[in-house]
Amino acid sequence: MTQLALSADTRHQLRDRLRFLPRGGDAHLQTLRLRALLEELGVHCDDSIDLHELDAVLIASARGTEALVAARLGEEQRHVAYARLVARLLVSDIHAPIDAKMEFTGPSNARTTREREEEAIVLGLARALVRGRLDTAPRPLYDDVPKLTLAFTPRSAARSTLGGLHRWSVLWYKRSDLYRRLRARRRVSEAIGRICVALDPGPPLVA
Amino acid sequence: MQAMPERDEVQADRWDAIRGRMAGRLRSMRGSGRSQAQLAWELDELGFHISQSMVSRYEQGLGEVPLSLERIVGWAICCDALGSEHLRELLEVAGYALPFTRGDMKQFDDLLRRYRALSRADQIVLRRRMLWHLLGLQPRNRRDRPQ
Numbered sequence: 001m002t003q004l005a006l007s008a009d010t011r012h013q014l015r016d017r018l019r020f021l022p023r024g025g026d027a028h029l030q031t032l033r034l035r036a037l038l039e040e041l042g043v044h045c046d047d048s049i050d051l052h053e054l055d056a057v058l059i060a061s062a063r064g065t066e067a068l069v070a071a072r073l074g075e076e077q078r079h080v081a082y083a084r085l086v087a088r089l090l091v092s093d094i095h096a097p098i099d100a101k102m103e104f105t106g107p108s109n110a111r112t113t114r115e116r117e118e119e120a121i122v123l124g125l126a127r128a129l130v131r132g133r134l135d136t137a138p139r140p141l142y143d144d145v146p147k148l149t150l151a152f153t154p155r156s157a158a159r160s161t162l163g164g165l166h167r168w169s170v171l172w173y174k175r176s177d178l179y180r181r182l183r184a185r186r187r188v189s190e191a192i193g194r195i196c197v198a199l200d201p202g203p204p205l206v207a
Numbered sequence: 001m002q003a004m005p006e007r008d009e010v011q012a013d014r015w016d017a018i019r020g021r022m023a024g025r026l027r028s029m030r031g032s033g034r035s036q037a038q039l040a041w042e043l044d045e046l047g048f049h050i051s052q053s054m055v056s057r058y059e060q061g062l063g064e065v066p067l068s069l070e071r072i073v074g075w076a077i078c079c080d081a082l083g084s085e086h087l088r089e090l091l092e093v094a095g096y097a098l099p100f101t102r103g104d105m106k107q108f109d110d111l112l113r114r115y116r117a118l119s120r121a122d123q124i125v126l127r128r129r130m131l132w133h134l135l136g137l138q139p140r141n142r143r144d145r146p147q
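As given, the protein sequences belong to chains P and X, one line each in that order.
In this text, residue positions in the first sequence follow the numbering used here: the first is 1, and each later residue adds one.
In this text, residue positions in the second sequence follow the numbering used here: the first is 1, and each later residue adds one.
Accuracy of the hints is not assured; some may be wrong.
Claimed, not checked - Derived list of chain P stretches under chain X, where covered just means 3 residues or more per stretch with a C-beta under 8 Å from a C-beta of chain X:
| no. | segment |
| --- | --- |
| 1 | 49-56 |
| 2 | 61-67 |
| 3 | 96-102 |
Simulated from the structure, these hints should not be mistaken for lab results.
Using N, Cα and C, we set each Cβ at its ideal position, and we do this for glycine too.
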């Protein structure tokens with residue numbers, strides 16, 4: 001089967017760059033940052049498209065990857081659309097030889113449980129991106145985290161426990177509205193940050 | 001010494017030789033659920049200037065201008081028939097090839113069927129993009145096109 005132009009490495013780079021993306025500024029500036037980020041990773045962006053029903057669409061094939069955003073959107077809506085496209089790139093499986101991920105203003109056309117869960121994660125991560133608070137979404141979505149393993153030393157057991165907690169967090173983040181709302185609270189994300197430091201004091205915590 | 005025929009003459013002769021074989025496959029690709037008028041309208045929206053009478057002539061093997069790769073693929077996109085045997089045969093008869101497997105083309109069709117749930121305007125945008133992804137062409141906006 002024909003391979004996509006978008007590689008796993010590109011997505012990994014996107015995660016790395018996203019964590020250090022400058023914050024602040026108005027919606028226009030933040031949109032420009034997200035757009036520049038995508039362009040630098042080889043995603044062709046066009047926000048002058050005459051889309052009526054869709055807000056944005058991500059198309060990926062062996063020929064390249066492009067992000068199309070509706071020209072009718074205002075600044076705030078455009079910012080959200082770009083955030084959703086970035087979140088989509090991070091979270092969704094993109095299938096060769098061609099795939100298109102469509103972003104709607106209203107309810108999406110997700111039909112299966114899997115699609116609905118993916119949609120929930122994308123929306124949650126996009127919301128965190130728009131707020132400039134990535135830490136209000138589960139860390140495995142945008143960072144490398146310890147894995148859940150069979151570990152016996154005190155240090156590796158703590159990291160493995162943390163890996164388990166991260167898995168649990170992602171699982172509930174995609175399944176539960178209540179958990180997504182809780183996870184988006186500053187106090188909850190700060191408490192989770194402290195747990196992460198306690199269990200794995202080694203790497204610097206990304207806020 | 002016998003003179004080499006003009007390039008256009010060769011092309012015209014070649015088209016005369018294959019257009020009858022292509023006609024039936026073009027008809028089959030459109031199927032019974034899509035009218036010639038609808039196909040012509042969709043092809044026009046995709047950027048090809050093909051009228052209903054031209055669709056009819058091609059389907060009878062009477063089309064005078066050879067069908068280019070772009071037009072054949074555009075025809076298949078409008079008929080959701082990228083993965084069909086008819087397109088494979090058409091490309092073979094016309095001597096064209098696309099760098100995609102049959103399984104790939106079926107996935108393109110699946111995507112086209114998903115597009116059908118969208119508004120007409122959005123469908124057209126996405127189909128034009130799909131044409132670019134299939135052929136490596138950059139679609140131009142209508143307002144950019146020379147009149």
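Consistency of the hints with the structure:
With 6 residues bearing a CB less than 8 Å from a CB of chain X, the segment 49-56 of chain P meets the requirement of three and the coverage assertion stands. For a cut-off of 8 Å, the count of residues in the segment 61-67 of chain P with a CB near a CB of chain X stands at 5, and the three-residue condition holds. Residues of the segment 96-102 of chain P with a Cβ under 8 Å from some Cβ of chain X number 6, which satisfies the need for three, so the listed coverage holds.
Going through the hint list in order, the structure satisfies each hint without exception.
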